[in-house]
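Please assemble the complex out of the two chains, which come individually in their own frames, going by the hints.
One letter stands for each residue in the lines below.
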Amino acid sequence: MIEFQHVSFAYEKDRPVLKDVSFRIEKGEAVGLIGANGAGKSTVMKLLLGLAEGEGRILVDGTEVRRDTLPEIRRKLGFVLQNSDNQMFMPTVYEDMVFAPLNYGLSREEADARADAVLKRLHLEDLKNRYNHKISGGEKRMAAIATVLAMEPEAVLMDEPTSALDPYNRRIVINTVRELEMTKLITSHDLDMILDTCGRVILLSEGRVAAEGPAGEILRDRTLLESNRMELPLSLAGRPY
Amino acid sequence: MNKMQRAMHELSEMDELAAGSSPVHALHPAAKLITTVVYILVTLSFDKYDLGGLVPMVLWPVMLFQISGTSVKTCFYKLRIVLPLVMAVGLFNPFFDKTVLLQLGSLSVSGGVVSMLTLMLKGVFCLMASFLLMATTPIDSLCAALRKLRVPKLIVTLLLLTYRYVGVMTEELAVMTEAYSLRAPGQKGIHISAWGSFLGQLLLRSMDRAQELYSSMLLRGYRQEFYYADHRAFRRGDALYMLACSSVFLLLRNVRIAELLGSTIVR
Ligand SMILES: Nc1ncnc2c1ncn2[C@@H]1O[C@H](COP(=O)(O)OP(=O)(O)O)[C@@H](O)[C@H]1O
Ligand SMILES: [Mg+2]
Numbered sequence: 010m011i012e013f014q015h016v017s018f019a020y021e022k023d024r025p026v027l028k029d030v031s032f033r034i035e036k037g038e039a040v041g042l043i044g045a046n047g048a049g050k051s052t053v054m055k056l057l058l059g060l061a062e063g064e065g066r067i068l069v070d071g072t073e074v075r076r077d078t079l080p081e082i083r084r085k086l087g088f089v090l091q092n093s094d095n096q097m098f099m100p101t102v103y104e105d106m107v108f109a110p111l112n113y114g115l116s117r118e119e120a121d122a123r124a125d126a127v128l129k130r131l132h133l134e135d136l137k138n139r140y141n142h143k144i145s146g147g148e149k150r151m152a153a154i155a156t157v158l159a160m161e162p163e164a165v166l167m168d169e170p171t172s173a174l175d176p177y178n179r180r181i182v183i184n185t186v187r188e189l190e191m192t193k194l195i196t197s198h199d200l201d202m203i204l205d206t207c208g209r210v211i212l213l214s215e216g217r218v219a220a221e222g223p224a225g226e227i228l229r230d231r232t233l234l235e236s237n238r239m240e241l242p243l244s245l246a247g248r249p250y
Numbered sequence: 081m082n083k084m085q086r087a088m089h090e091l092s093e094m095d096e097l098a099a100g101s102s103p104v105h106a107l108h109p110a111a112k113l114i115t116t117v118v119y120i121l122v123t124l125s126f127d128k129y130d131l132g133g134l135v136p137m138v139l140w141p142v143m144l145f146q147i148s149g150t151s152v153k154t155c156f157y158k159l160r161i162v163l164p165l166v167m168a169v170g171l172f173n174p175f176f177d178k179t180v181l182l183q184l185g186s187l188s189v190s191g192g193v194v195s196m197l198t199l200m201l202k203g204v205f206c207l208m209a210s211f212l213l214m215a216t217t218p219i220d221s222l223c224a225a226l227r228k229l230r231v232p233k234l235i236v237t238l239l240l241l242t243y244r245y246v247g248v249m250t251e252e253l254a255v256m257t258e259a260y261s262l263r264a265p266g267q268k269g270i271h272i273s274a275w276g277s278f279l280g281q282l283l284l285r286s287m288d289r290a291q292e293l294y295s296s297m298l299l300r301g302y303r304q305e306f307y308y309a310d311h312r313a314f315r316r317g318d319a320l321y322m323l324a325c326s327s328v329f330l331l332l333r334n335v336r337i338a339e340l341l342g343s344t345i346v347r
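Chains as they are written, first to last, in our numbering: chain B, 10 to 250; chain P, 81 to 347.
Chain P with its partners taken away, still in its complex shape (with noise of 0.2 Å):
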């Protein structure tokens, strides 16, 4: 299998690991999209210099990979390729703001070093929660749970359409990458000469099987609703898990947890 290839393999054992049956798996859809919309929302709230008032956030998902079975290897693990990208965001902070935050003993830690630490803490804690959405969630779930918040059909549609889509792209790239490796043999990845028409072919070829699993999705009659995805009831207990979480993170936004136990435990 070559490195296409296996990314493809794993974009479709996300279906099976949502598939799977946990406590988190039998939660409604909508329960989870929200409380996970809150858990980033909050997240992202914290002031940039507010590690200590972040790291306890931490929590949440390591609770939730606990629950449902989801191993963090394989979060970090598929996740790899973008966490790089998020981490990347705060790398440069040290160097503009280097205002002295911290004293260490002799160690001073400047505030560029401390909004770097937020920053990529706070994008990691964001990708951590929407794999365990995904994960824990099948996609045509989440769909019609978006419907029943009245999302517009024609972005709930095309979030499941990306979604679907992905896959059949990488799957060309898959077929196109080795085509080409066969023939250029000893070969490092694709020559940049090579890009512009091996990109455009990409887009026209997945574009085309796009186009076919759309119809074949027509023909057998879809109209943007999604009679097909599990409805179940919103229970009690949903209620609960989202205004459980939501609170809490609220009150780890707003309460000092560190210096609360800090306090008591100098007192």
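Isolated chain B (complex conformation) (with noise of 0.2 Å):
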């Protein structure tokens, strides 16, 4: 469903952010983009989105990502923002979810019935008419989650979803990414989040993929994550006490 083929990106001259990455994601699959801070992860989404364009090739469902295609690609893919206080840009929750279905030409009953469905779904009715200036973080970010939903993408994209979350919504946010059907690429370096949420890893190191492969294995390898900047997820760190 996503491919990279060989890209490379850079902000500044002389500064590779990217350096020859290539990777797939298989329809359905679950993919954790893993590395230190710095290492490219949320550069790869905005390539991928075509916020900025690289060198090489990137591929969503064989459709290349350019210039033209971008209002088909972009359809397809929901991208949950680091920041949700820049994803939500509508007074109340309802008119952010609207916004998309809207746009992509739906009528009014139909995208209230879309934003409804999701809202049940996530156990977010409360949400619904409240202003995004006036709800709590946690609620912030599940209600961002809620407005990509009711795009019905067919590949969601997340940056960080956990980062500034307590236990407890962290765990919401969990529970409700593992319950997606769709393909998802989630950025982070919550390992025991993408532990959780991803089958598999991709282990993104000063510009470079520097290790793939099953989740399970990934998380486990010490050495690699230590040497990668990152420590073993804290449910596999076996506790020494």
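Among the clues, some could well be false.
Which bits of chain B does chain P cover? Going by a derived footprint, with three or more residues having C-beta under 8 Å, they are [to be verified]:
#1 83-90
#2 207-216
Pair by pair, the computed Cβ-Cβ distance ranges are [stated by the list, open to error]:
#3 P80(B) to S125(P): 24 to 32 Å
#4 S188(P) to Y140(B): 38 to 46 Å
#5 M167(P) to G114(B): 24 to 32 Å
#6 G114(B) to R230(P): 50 to 58 Å
#7 G266(P) to G114(B): 53 to 61 Å
#8 G222(B) to K228(P): 52 to 60 Å
#9 G114(B) to M287(P): 30 to 38 Å
#10 K228(P) to L79(B): 23 to 31 Å
#11 Q267(P) to G222(B): 32 to 40 Å
#12 D121(B) to Q267(P): 46 to 54 Å
#13 D121(B) to I272(P): 51 to 59 Å
Hints were generated in silico from the structure; no laboratory data involved.
Using N, Cα and C, we set each Cβ at its ideal position, and we do this for glycine too.
Laid out in structure tokens, this is it:
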């Protein structure tokens, strides 16, 4: 469903951020994109969404990401931003949720029905008519996920979905992500979350794919993780006491 | 909450006011927009000495406050930052224009004083009218109306983004002033030596966030059209409101109500 072929990218000349990155994600797979701060995880997502242009080829469902294919590509991908404040721009949660469906030509009734279905599924009915500037961080993250699901994308991309959440809200987000059956690409350095939600992991280090494989294997490899500025997930670390 | 956070909160509250329900909220955005523009143009067109002619123009905003259920206090509270600036415009007139225009007993009123008051009132009236428009019309509906009136996409998008980004900018400003004041205890405001870097940072940070917000709109199918705004039909009532109000404004502009009343009473 998603394929990177020899992709390189630099924001500024002479400071490459991605160097010859290649990987494939099959339909229905849940893949974790891990790596230390500044490894280039968010950049991978930007390129995939056509928010930045690099060298090499990026394919979504066999269609190359190019300026003329962007509307088609973006319609298939739902992106949950790292900072939910920047994701929600309408006054209320409900208005944010129907924004995409209406832009894509659904009628008000159809868009309403979609928003209601998603809210019900995520048990967020209470949020519907709340103002975006008056809900908590955890609620806002869930609302951001809801706005993306209301687009009914074929794949969801999530950039650090558990960052800045307390344990309770983090758990809610993890459980929600686990229940989504579409293709998922999730970046994070919260490796416990990746272990809980992803079957496969791609490890990015200084702009290159440093390792790739089943989550259970990669996330258990202490040497590999530590040489790339990460630590074993707590749940696998084995408690010394 | 510091001053900035409060300002930000207030801005978001405009959306809440605009989401209210009243006969004024229910009018078509285009009708309200055009009426407001006519009101502002007529108000500005009064002669600078025509204080008596200008004063009755206050009736329209007062009426709107009543019908829409918007509080006058809220209006002046939210405008408290711009209001003094607008009022300051005419402040020097009394010093330049000393021709006596009016003799009230022993008190002689100079042309400068009259023109100062006229200018100030014009400013206040126009601000009130704009505030009322924003407080009774969601920004997206307003943008949709502008598009209907064939205003170019670029301009409408700019308006929408400015409205949204002012919020982002004040938010960044709030975070930054807080961070600053935590490290400069007992200091009032921001020391002048830090202004340069402070403003630079603010611009960069709000630009980054604005960029993300705009991306988020693009990723959800935004193509500078307002499919999502409330598209209600333009009804006969809307046209009637627009025409009636505009005619009254023009009437007030051209007929000297005060003199008319005065002369009937005297007669
Ligand atoms: N807009 C930008 N302009 C210049 N450099 C950037 C920009 N965004 C990110 N970078 C740089 O690119 C590198 C990768 O960033 P990013 O993809 O955000 O990393 P990650 O999401 O893995 O933490 C970092 O070194 C960062 O400093
Ligand atoms: Mg990142």
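Structure-based check of each hint:
1. 83-90: Since 5 is at least three, the answer is holds.
2. 207-216: With 0 residues in contact (Cβ-Cβ under 8 Å with chain P), the coverage given for the segment 207-216 of chain B is violated.
3. P80(B) to S125(P): 24 to 32 Å: At roughly 47 Å between Cβ atoms, S125(P) and P80(B) fall outside 24 to 32 Å, so the hint is violated.
4. S188(P) to Y140(B): 38 to 46 Å: violated (55 Å)
5. M167(P) to G114(B): 24 to 32 Å: violated (49 Å)
6. G114(B) to R230(P): 50 to 58 Å: violated (22 Å)
7. G266(P) to G114(B): 53 to 61 Å: holds (58 Å)
8. G222(B) to K228(P): 52 to 60 Å: holds (56 Å)
9. G114(B) to M287(P): 30 to 38 Å: Cβ of G114(B) to Cβ of M287(P): about 32 Å, so the range 30 to 38 Å holds.
10. K228(P) to L79(B): 23 to 31 Å: holds (27 Å)
11. Q267(P) to G222(B): 32 to 40 Å: violated (55 Å)
12. D121(B) to Q267(P): 46 to 54 Å: Between D121(B) and Q267(P), where Cβ atoms are some 51 Å apart, the hint holds.
13. D121(B) to I272(P): 51 to 59 Å: Since the Cβ atoms of D121(B) and I272(P) sit about 53 Å apart, the hinted range of 51 to 59 Å holds.
This entry does not satisfy hints 2, 3, 4, 5, 6, 11, going by the numbered hints stated previously.
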